[in-house]
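**Student:** Each chain is listed here by its residues.
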Amino acid sequence: MTLPRAALLLSLALGLAACSSPARFGAGGPGADGAPLSAGGGFGSGADGVTSGPLDPASPEYFSQTVGDRVLFAVDQSTLNDEARRALSAQAQWLMSNPGYTAIVEGHADEQGTREYNLALGARRAASARDYLVAQGVAASRLRTVTYGKERPIEVCSTEACYAQNRRAVTVIAAGAAVS
Amino acid sequence: MTLLRFLIAAILATAAFAQVTAPARAQDGPLRIEITEGVIEPLPFALPTFIAETPEAQSWAQRITDVVAADLTGTGLFRRIPSDAFVTQVTEFTPSVTYANWKAINAQALITGAVSVTGGQINVKFRLFDVFSEAPLGEGLQFGGTEQSWRRLAHKVSDAVYSRITGETGYFDSRVVFVSEQGPKNARQKRLAVMDYDGANVQYLTDSGSLVLAPRFSPTGDRVLYTSYETGFPQIYELNVGSVSRTQLPVPAESMTFAPRYAPDGRTIVFSAAINGNTDIYTLVPGAAPRQLTNAPSIETAPSYSPDGSQIVFESDRSGSPQLYVMPAGGGEPRRISFGEGRYGTPVWSPRGDLIAFTKQNAGRFHIGVMRTDGSEERLLTASFLDEGPTWAPNGRVIMFTRESAGAGGQPGLFSVDVSGRNLKQVPTPNAASDPAWSPLLP
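Protein sequences, first through last, are from chains A and B.
Under our numbering, the letters of the first sequence match residues 1 to 180, in that order.
Under our numbering, the letters of the second sequence match residues 181 to 623, in that order.
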């Protein structure tokens, strides 16, 4: 497959995710290079038309910046600590206040583990966060999980300071998935 | 006359493994590297540049000779005697040689060859001589092919020489499928690629538009299984190497799938599926629904079939940390086989059936190791910040794996090591590379 075709597929996929059909997750997802993944506590590109002034509380940017889009885990663990539960409760509140959005919960691992074990571990972490959101009242049909294992670290050093940030579940509001 | 026999311990380091090798021989006998325990003494061989029998064969003869030399010396089992030490030059490809001239430089083996080119077709002939027995070792052989396949012809010569001297099948005429990596650590781009076992002839099978992971060759080398994020979610695919067309495989509903490998029958596929956060092992036979082999709340992944297809070794954290287990190929009660300190993963059954290679993580370091199939006699072959994902050479004597360096600029590369732990070296690749999987020996 050529690159332009891949780009076309990706844009088709995003287009699909943008419509409000029941199959909104059908071909969507974070896409090939997971653009939302690089949002290290802020916006990756700054090219999304975000201008100065308070964020719209109903915007995905508000969710990721102000509500907080991620929770962290201990080594090899997928259990939620108190801080994670507080963060997920806030996420659930936002999702229930903004019923037009769907979300993808990404599970990640640090690099201290084999590739395939970390994929399974990331799946566990994503499900753990997703289950908590559902328990708080978010419709399960609005959430989908994906594991990236150790493929998409947010911090790149090889010490515990970085590993701790990489063992995470990130709730990504599906781009353009608002139901009109 | 003393017929020297070389005891070369290249492959097996402990006495317990000796039973899988040929028994030791008497002091006198034909030229033979016994792959058994002992001290390594690379076997000195003479390899005069192959003779060009047609004018246009000159450069091919040199290149083919160079590849044969690199194959043999690259094993660590052989040492090439520099041609300026020769007391005689080989100018004709003849069935007889003057052994005294080669004894004089202590060459144990002499390899002669000739190359001809006609109409874009290359023909390579070679002979192998046991210098101290003063006898040819096997018949002369010839291989033919197109100019594009010249390296394969050289590898076939090397395989024949290796096989005649060690009694083992070779592994030079083989390919490796792997993941080629570019870009920063937090936005790595990955493409599937194939190369010759020695890193030559890299070809790309996918573009970098989708994250791809952990490819595996089919037993016939014509297809590759891998995991791709093409849909935004990890799913398993099969790719036809010849046509570079790929197919998404039917998987359980609502699942993320990864870690696909072929059974020895080339039809059955074993893989992992994560459903609602729980990862188990499934099989897939063409035309049938996926079948679940494990059913536990723990992680079950990284399956690998025994070469007879009767058993599967896999990784599970049911005990609280990742360990290795063996179960019948149809599913059933698994038997834990790893009991050392640390965490075990990515078990891969040797094509000889005798050993299981694995990744081990202990005390902040990663190792590639091997153990018997019952878990006994564990030996660690490597140690580094991050080694993982072993794959076996087709003859079960060499292991290739991923080694990644630490830190923000950390990059993965491909390395190989003998099953003895000797001859550790990097396999050259054009970019960073990971997840190698060795093909069978090509036909």
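Derived by calculation from the structure, the hints in this document are not laboratory data.
Here the structure is a predicted model, which means the values were calculated and not measured.
Some hints could be false.
Here chain A is said to cover these stretches of chain B; the calculated rule only asks that three of the stretch's residues, wherever they fall, bring their Cβ under 8 Å from a Cβ of chain A [claimed, not checked]: (1) 243-255; (2) 281-292; (3) 411-420; (4) 450-456; (5) 563-572; (6) 593-604.
Here are the in silico distance ranges between beta carbons for each label pair [claimed, not checked]: (7) Y62/A x G512/B: 31 to 39 Å; (8) G324/B x A161/A: 42 to 50 Å; (9) A74/A x R471/B: 57 to 65 Å; (10) Q472/B x C157/A: 34 to 42 Å.
The C-beta atom is built at its ideal place from N, Cα and C for all residues, glycine as well.
**Student:** Against each hint, give a clear statement of whether it holds in the structure.
**Tutor:** For each hint, the structure was consulted:
1. Counting residues of the segment 243-255 of chain B whose CB lies closer than 8 Å to any CB of chain A gives 0, so the stated coverage by that chain is violated, three being the minimum.
2. Only residues whose C-beta sits within less than 8 Å of a C-beta in chain A count toward coverage, and the segment 281-292 of chain B has 0 of them, not enough to reach three; the restraint is violated.
3. With a threshold of 8 Å between beta carbons, the proposed coverage of the segment 411-420 of chain B by chain A holds, since 4 of its residues qualify and at least three are required.
4. Counting residues of the segment 450-456 of chain B whose beta-carbon sits less than 8 Å from any beta-carbon of chain A gives 3, enough to reach three: the coverage restraint holds.
5. Taking a C-beta to C-beta cut-off of 8 Å, the segment 563-572 of chain B contributes 4 residues in contact with chain A, enough for the three needed, and the coverage statement holds.
6. Only residues whose C-beta sits within less than 8 Å of a C-beta in chain A count toward coverage, and the segment 593-604 of chain B has 0 of them, not enough to reach three; the restraint is violated.
7. At about 52 Å, the beta-carbon gap between Y62/A and G512/B misses the expected band of 31 to 39 Å.
8. For G324/B and A161/A, the Cβ-Cβ distance of about 60 Å falls outside the hinted range of 42 to 50 Å, so the restraint is violated.
9. Between A74/A and R471/B the CB atoms are about 35 Å apart, so this pair departs from the stated range of 57 to 65 Å.
10. Against the hinted window of 34 to 42 Å, the Cβ-Cβ separation of Q472/B and C157/A comes to about 39 Å, which satisfies the hint.
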